[in-house]
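Asker: Residue-level listing of the chains:
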Amino acid sequence: AQKVTQAQTEISVVEKEDVTLDCVYETRDTTYYLFWYKQPPSGELVFLIRRNSFDEQNEISGRYSWNFQKSTSSFNFTITASQVVDSAVYFCALIASGTYKYIFGTGTRLKVLA
Amino acid sequence: NAGVTQTPKFQVLKTGQSMTLQCAQDMNHEYMSWYRQDPGMGLRLIHYSVGAGITDQGEVPNGYNVSRSTTEDFPLRLLSAAPSQTSVYFCASSYLPSGGPPNEQFFGPGTRLTVL
Chain A
63 AQKVTQAQTE ISVVEKEDVT LDCVYETRDT TYYLFWYKQP PSGELVFLIR RNSFDEQNEI
123 SGRYSWNFQK STSSFNFTIT ASQVVDSAVY FCALIASGTY KYIFGTGTRL KVLA
Chain B
4 NAGVTQTPKF QVLKTGQSMT LQCAQDMNHE YMSWYRQDPG MGLRLIHYSV GAGITDQGEV
64 PNGYNVSRST TEDFPLRLLS AAPSQTSVYF CASSYLPSGG PPNEQFFGPG TRLTVL
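First to last, the sequence lines map onto chains A and B.
Our numbering puts the first sequence at residues 63 to 176.
Our numbering puts the second sequence at residues 4 to 119.
Same shape as in the complex, but just chain A (with noise of 0.2 Å):
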């Protein structure tokens, strides 16, 4: 079976803090896709990052990075300077190889206060 877990229900930071969101994620499969999207107050989904199962490298784009550790089945996703903008709630989500199902998480609701 397959699952993600996001722990952090709603998380409150002040602008210009450091936050990391968790991903844990569950498969049996060795290959895997694990992505992040974000879902801003007026409800739309915005995809920001793919990453497979054979690439552990870190990514960063801006503000954002991201952290990938098959030892611990984590995903983080971590945003720098955070921004009043960047309030949201943050899906992660994973499908294997060889399916056509996406699991998503509960997502984490982030909010960044002025």
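One or more hints might be untrue.
Some chain A residues flagged as far from chain B (calculated, every beta-carbon gap over 10 Å) [to be verified]: (1) 97; (2) 108; (3) 124; (4) 125; (5) 132; (6) 142; (7) 147; (8) 148; (9) 155; (10) 161; (11) 165; (12) 175.
For lysine to aspartate or glutamate, the following EDC-like pairs were computed, each having C-alpha atoms within a straight-line distance of at most 16 Å [to be verified]: (13) B:12 <-> A:77; (14) A:100 <-> B:107; (15) A:173 <-> A:91; (16) A:100 <-> A:72; (17) A:65 <-> B:62; (18) A:173 <-> A:77; (19) A:173 <-> A:79; (20) A:173 <-> A:88; (21) A:163 <-> B:33; (22) A:163 <-> B:29.
Think of the hints as simulated: they come from the structure by calculation, not from any bench.
Glycine included, every Cβ here is placed at the ideal spot set by N, Cα and C.
Mind docking chain B on chain A? Use the hints.
Answerer: Structure of chain B alone, referenced to chain A:
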């Protein structure tokens, strides 16, 4: 490109009524899917399709039907609406590489459905 479009944006139904949520994409994506989003439960897959004429069930298919007669369209039918189907519904599409799982998904704006 319009991307993924969904209609209607809002809908109120009475228990027992049926309706169809429309979804269309103009990116020639083979893979399309429907999700429902409920508070505290994230996104749950209802049905998906890997091409015209091919559909399959997701995690929560009961009470919903789908069909895929064209690459562009993937409507979701509620057969007999129940209050438990009150939710926000998202349609998504993605490129399907040969032999691999779908890539990242492009989502529609969602339909907020209330069943009284």
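Asker: Evaluate each hint against the coordinates.
Answerer: Structure-based check of all given hints:
1. With a cut of 10 Å on Cβ distances, residue 97 of chain A falls inside the contact zone with chain B, its closest approach being about 6 Å.
2. Its beta-carbon lying about 8 Å from the closest one in chain B, residue 108 of chain A breaks the requirement of being farther than 10 Å from that chain.
3. Even its closest Cβ contact with chain B, about 18 Å, leaves residue 124 of chain A beyond 10 Å, as expected for a residue assigned away from the interface.
4. In this structure residue 125 of chain A is separated from chain B by more than 10 Å, as the shortest Cβ-Cβ distance comes to about 20 Å.
5. Distance check for residue 132 of chain A against chain B: the nearest CB is about 18 Å away, which clears 10 Å, and the non-interface claim stands.
6. Every CB of chain B is more than 10 Å from the CB of residue 142 of chain A (nearest about 23 Å), matching its label as outside the interface.
7. Distance to chain B confirms residue 147 of chain A as a non-interface residue, since its nearest Cβ pair spans about 19 Å, more than 10 Å.
8. Under the 10 Å C-beta cut-off, the non-interface status given to residue 148 of chain A relative to chain B holds; the minimum distance is some 19 Å.
9. Here residue 155 of chain A does not stay apart from chain B, with its beta-carbon only about 8 Å from theirs, under the 10 Å limit.
10. The non-interface label for residue 161 of chain A is inconsistent with chain B: the shortest C-beta to C-beta separation is roughly 6 Å, within 10 Å.
11. A Cβ of chain B approaches the Cβ of residue 165 of chain A within 10 Å, the least distance being about 8 Å, so the stated non-interface status is violated.
12. Consistency note on residue 175 of chain A: stated as away from chain B, and its beta-carbon is indeed over 10 Å from all of that chain's, at 22 Å minimum.
13. Pair hint residue 12 of chain B plus residue 77 of chain A does not hold up; C-alpha atoms about 33 Å apart against a cutoff of 16 Å.
14. Simply put, residue 100 of chain A and residue 107 of chain B have alpha-carbon atoms about 13 Å apart, close enough for the 16 Å limit, and the pair holds.
15. Only pairs whose Cα atoms come within 16 Å are accepted, and residue 173 of chain A paired with residue 91 of chain A is rejected, the gap being roughly 34 Å.
16. Of the supplied pair hints, the one linking residue 100 of chain A and residue 72 of chain A holds, its CA atoms being roughly 14 Å apart against a limit of 16 Å.
17. Taking the CA atoms of residue 65 of chain A and residue 62 of chain B, the gap is near 12 Å; set against the 16 Å cutoff, the hint holds.
18. At most 16 Å may separate the alpha-carbon atoms for a hinted pair to count; residue 173 of chain A and residue 77 of chain A meet this at roughly 9 Å.
19. Only pairs whose Cα atoms come within 16 Å are accepted, and residue 173 of chain A paired with residue 79 of chain A is accepted, the gap being roughly 11 Å.
20. Pair hint residue 173 of chain A plus residue 88 of chain A does not hold up; C-alpha atoms about 27 Å apart against a cutoff of 16 Å.
21. A hinted pair counts as satisfied when its Cα atoms are at most 16 Å apart, and residue 163 of chain A with residue 33 of chain B qualifies at roughly 14 Å.
22. Pair hint residue 163 of chain A plus residue 29 of chain B does not hold up; C-alpha atoms about 22 Å apart against a cutoff of 16 Å.
When each numbered hint is compared with the structure, violations occur for hints 1, 2, 9, 10, 11, 13, 15, 20 and 22.
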